[in-house]
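2 protein chains.
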Amino acid sequence: MSGKDKITPSILPGFMELLPNDQLAFNRMLDSIRESFELCGFMPLDTPVIEKAEILMTKGGEETEKQTYSFKKGDNDLALRFDLTVPFSRYVSQRMNELSFPFKRYQIGKVFRGERPQKGRFREFYQCDIDIVNKDNLSLVYDAEIISTAYTTFERLNIGGFLIKINNRKLLAGFVEELGLSEKISKILREIDKKDRIGEDNVRKELDNISCTPEQIDKLMNYLNTEGTPDKILKALASCNIKNETFQIGLTEMEELTKYLGFMNIPASCWKIDLSIARGLDYYTGTVFETVLKKYPEFGSVCGGGRYDNLAEYFTEQKLPGVGVSIGLTRLFDQLNEKGLIKNDKATTSRVAVLPLGDYFEIGYGLVSNLRNSNIAAEVLIAGDGLKKKLSIVSKKGIRFAAILGENEIKNKVITVKDMETGKQEEVYFEKIVDYITKI
Amino acid sequence: MSGKDKITPSILPGFMELLPNDQLAFNRMLDSIRESFELCGFMPLDTPVIEKAEILMTKGGEETEKQTYSFKKGDNDLALRFDLTVPFSRYVSQRMNELSFPFKRYQIGKVFRGERPQKGRFREFYQCDIDIVNKDNLSLVYDAEIISTAYTTFERLNIGGFLIKINNRKLLAGFVEELGLSEKISKILREIDKKDRIGEDNVRKELDNISCTPEQIDKLMNYLNTEGTPDKILKALASCNIKNETFQIGLTEMEELTKYLGFMNIPASCWKIDLSIARGLDYYTGTVFETVLKKYPEFGSVCGGGRYDNLAEYFTEQKLPGVGVSIGLTRLFDQLNEKGLIKNDKATTSRVAVLPLGDYFEIGYGLVSNLRNSNIAAEVLIAGDGLKKKLSIVSKKGIRFAAILGENEIKNKVITVKDMETGKQEEVYFEKIVDYITKI
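If you read the protein sequences in the order shown, they are chains H and G. Using my numbering, the letters of the first sequence map in sequence onto residues 151 to 590. Using my numbering, the letters of the second sequence map in sequence onto residues 151 to 590.
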């Protein structure tokens, strides 16, 4: 093949692809999330990336449809999933008689959205979802379980302080109704949702634009800004004398949820009631919440979710209330990496590199297979001439132990193990190498 | 939404979707493969599912193109990857200056082929690949490392005895040349490749059809059926007086590879030289191998790979020889599951279920968070009225320990832990529960 025929290797804009050390760090985050989900009793689920277009398009509005990758193969209209929720609702409806309820599942996988590419937005990204659904009705204790799992997950991710802000959509809707603004509710909620991004003054202007009175705006802002401990907020809400029924149901739900959260040992510093959390309009019906990183509010919500009345209404008459949460991992990783917060100093998974300074492959590979048999990741480092060069490769790869095998070592049936972290160096008998590494 | 509007939930034919307990078993296999790859020092890689069509179509023949899911979005011609090798070769060419060589990477992900659906064939399936590539040249010791990693992987998968059959394409090509059949080589290799499936007699007929003489056919069959230990086969090959240069290079390579395999402590029962392994024609240039399960030869090759001269010839002038192996996990899982060989008795990841026999959520969730904080997966079992019903759910879910919390327990600050495997039942103080479970 001549040079002229070469194709320039490149990927599409808006697709993330990492170097190996970053990929390892990404996978470790993904593993940590998965372990947290399993620790909390969620079962794995995997659905196809490609589904019938009519299934995936059921729920989407025009915007979703425009962003969906859809195509024909033969006579079939196909599409790539744009979230994990629609496939989950299809799955539960389809397998209803084979599943046991309440059904707790997690799913981690790529979803696809043909958005206009822009910084921090991806067209292909990992979503990490958990949901609990039940037939007919679902106790509020499961809302608390979902929030508690989000807490466990972020605690174990170990990326700094975070705050789960919790609200109930019925409180917000009821309050707006009580103000006599029911007809404008969807517009109002959309503006409230922007508050953290555009600031209170701009929200006031927007509300003024849609003809809310100054008094209504003041009352609403006053309400949204109610601050304090969960108990204090709940007491304030109970005493503010709002008759609206939706509001009262929301209040009861929030009191119950708060009680359950108390049972689950979530530190008070990690969650609060925030009456301004709205999270879009159409989907959620009760509890809603968002998580922010305390040090990086500019990341926005890194994990959000809530309660929905009926997961599978497009597919079945069976009522399936649910509650869930989603982490957009690709974006979160990208944001953390941009701030230099990702530890990506490993260029291999190995813990031990055996360095043969000569034609000692037989002994080198023998030692390596002993280590691997004891679950210690190890490799023979053939590359690099001379000890100095080899040690610099070991250091660059981020391998903890260099096990040097030279003429003297062969003669004495030992290997010189150098701890690259401490610089300490010791001779170890061949048959003791596994013990030696295991004990450190 | 009225009943008439419901959409029947279903997926496309040829796509695998599992129930949660099967999914858990599938993930455990996938994890085991991944752990083996990392144990042997391979780094993870993840490439986009969607790439530019011109990139993915570089290598494919007509058949590949017909099977590829391709589509337009805006002005772009896009396609879904049909293997992990083309994206890997694109990746290495693109990132050549940022990678260190030899580059050992693994990739586990879904690939997509719009084949006619048939039993045991999937249109979306997981491939688990490892490859080692280097600039300019690559020692044969890496061929042995790949085979040794395949050995480690199947050993740890624990799905029964397996046999890695190893050959060298140069031996086969050289022998056919020596017979004076060079012009028919691609047809002949295609027939040889079918030998395990259609039997020797049918291969003889096919060779007769393409005008090989009876003498040529006899010699070829004789050669392909050479049996024995690696040493014995190598000696037979060395003494059979074939001058052909390709054959002689193949023999030298095989001798060297065999020596390295000896260094790597792979039991003799797990590998052999099989002179009839061909593995297609265009791709591989030296070492080739296939793995079969001893008890289930009808599964065919469950893991195959080999050496190729130049991974990235479509993208760069840089010569990048490589060696790799691929496991088609979706199909393997399906085959094992069909034989009833998959252990799928867990309907949850939890090890402990706390059973509150009354409104004891506070203590129940408190115990569960203590367990989770100590990395013990646990859940509160709210579903099911009465102890009997609850215990039957615990048993159905495959949870090892039922921790019963009734009136008496609350009074005495203990929990009754029942080991569902042994039937043994003990009272444990609240604060001792983590210790108790950890020690079992």
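Hints were generated in silico from the structure; no laboratory data involved. A few of these clues could be false.
You can't tell identical chains apart in this list, so a pair holds if it fits in one copy or across any two.
Heads up, simulated BS3-like pairs for lysine-lysine below, C-alpha to C-alpha not over 27 angstroms straight-line [as the list claims (entries may be wrong)]: (1) Lys444 - Lys469; (2) Lys260 - Lys496; (3) Lys469 - Lys156; (4) Lys422 - Lys369; (5) Lys469 - Lys539; (6) Lys269 - Lys382; (7) Lys285 - Lys540; (8) Lys156 - Lys285; (9) Lys539 - Lys223; (10) Lys496 - Lys382; (11) Lys539 - Lys202; (12) Lys285 - Lys334; (13) Lys216 - Lys202; (14) Lys496 - Lys285; (15) Lys202 - Lys222; (16) Lys540 - Lys469; (17) Lys216 - Lys156; (18) Lys315 - Lys216; (19) Lys469 - Lys355; (20) Lys582 - Lys409; (21) Lys202 - Lys156; (22) Lys223 - Lys202; (23) Lys382 - Lys409; (24) Lys540 - Lys561; (25) Lys216 - Lys260; (26) Lys445 - Lys563; (27) Lys589 - Lys222; (28) Lys222 - Lys269; (29) Lys260 - Lys222; (30) Lys445 - Lys337.
Computed from a prediction, not measured in an experiment: that's the story for all the values here.
Check each numbered hint against the structure and report the violated ones by number, ascending. 1, 6, 9, 10, 11, 12, 18, 19, 26, 27, 30
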